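Number of protein chains: 2
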Amino acid sequence: MSLGMYQSSIPALVRALGNLRQILAKAASHCEAKKIDPAVLIGFRLFPDMLPLASQVRIAGDMAKGSAARLGGLEVPKFEDNETTFAELDARIDKTLAFLATVTPAQIDGSEKRTVTIKTPRGDLNFEGQSYLQFFLLPNVYFHCTTAYNILRHNGVEIGKMDFIGAP
Amino acid sequence: MSLGMYQSSIPALVRALGNLRQILAKAASHCEAKKIDPAVLIGFRLFPDMLPLASQVRIAGDMAKGSAARLGGLEVPKFEDNETTFAELDARIDKTLAFLATVTPAQIDGSEKRTVTIKTPRGDLNFEGQSYLQFFLLPNVYFHCTTAYNILRHNGVEIGKMDFIGAP
Chain A
194 MSLGMYQSSI
204 PALVRALGNL
214 RQILAKAASH
224 CEAKKIDPAV
234 LIGFRLFPDM
244 LPLASQVRIA
254 GDMAKGSAAR
264 LGGLEVPKFE
274 DNETTFAELD
284 ARIDKTLAFL
294 ATVTPAQIDG
304 SEKRTVTIKT
314 PRGDLNFEGQ
324 SYLQFFLLPN
334 VYFHCTTAYN
344 ILRHNGVEIG
354 KMDFIGAP
Chain Z
194 MSLGMYQSSI
204 PALVRALGNL
214 RQILAKAASH
224 CEAKKIDPAV
234 LIGFRLFPDM
244 LPLASQVRIA
254 GDMAKGSAAR
264 LGGLEVPKFE
274 DNETTFAELD
284 ARIDKTLAFL
294 ATVTPAQIDG
304 SEKRTVTIKT
314 PRGDLNFEGQ
324 SYLQFFLLPN
334 VYFHCTTAYN
344 ILRHNGVEIG
354 KMDFIGAP
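Heads up: the protein sequence lines correspond to chains A and Z, in order. Position one of the first sequence corresponds to residue 194 (the numbering used here), numbered consecutively onward. Position one of the second sequence corresponds to residue 194 (the numbering used here), numbered consecutively onward.
Hint data in this document are derived by calculation from the structure and do not stem from the laboratory. Quantities reported herein were computed from a predicted structural model and do not represent experimental measurements. Careful: at least some of the hints might be erroneous.
As the list claims (entries may be wrong) - Below, a list of computed lysine to aspartate or glutamate pairs in the EDC-like style, where the Cα atoms sit at most 16 Å apart:
#1 A/K354 to Z/D287
#2 A/K219 to A/D317
#3 Z/K354 to A/D317
#4 A/K228 to A/E351
#5 A/K288 to A/D302
#6 A/K288 to A/E268
#7 Z/K288 to Z/D274
#8 Z/K354 to A/E351
#9 Z/K312 to Z/D302
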């Protein structure tokens, strides 16, 4: 294990999405136990112009799989954004993890200087691969996973930070 | 620039805290413009047994400065947890950034295998330095910065994800 571009990205992404999956499973159980319509949580936003839980989950995963394209030059599977149940969100994360499992160190390593351009509403952001990884990809994935966590926590789902962090 | 332990940790931590500082400055301006008592935001929690904004800011910074101790074997300054205003929270981040600026690559690089033990309510977590960095330190700092952001966003402060991510 060393800190090449693969080791610095894919294992952390896999872990973040795996933990998110467990958090969503707890939310699904919570809905069942408390007789809450899961659609209420899946569509919940912390503020009217923030994105709902389903979008937080989708974007976390899309950032993760998109990184393989941006760093490794790989074709990334596109998913429809049509999940409306916890089972469907789980299946989406599962497909994302299955894709990430196909990405190899040989494809990602050496991408430190690769030019990465991200289109945003404020204009293009240009990075070198390493800055993209450290200052855009990882913060973004953790941002959306944490926001998903906070939406659920705000609604009384019994989760704690260690569910987000996961076991060592 | 290469992905040693220093480059993989300190610049990302400095950036996350710098962005948090800008977000808090916007929150302070929001309070002034809308005649909101800043103490309402500083003490706000997304759920009754979650930590308030002040704690999210403190923990993000403490994780960041604690990493220098855990990876570099350095003596880390201790701060009292007594901030009650945005100016005081800003000063705390400022002191944390000033400390991080004194940490050198020579002190942190080579700590990939260093044993790191984290005490948690569920028992000790044992990591090697690299796993600690990737799977505990960075997710934790982003978790607390994002939760601070979500607390403010939930209360109508006009910030967006790019304030959290920062400029490339």
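(request) Check each numbered hint against the structure and report the violated ones by number, ascending. (result) 1, 2, 5, 8, 9
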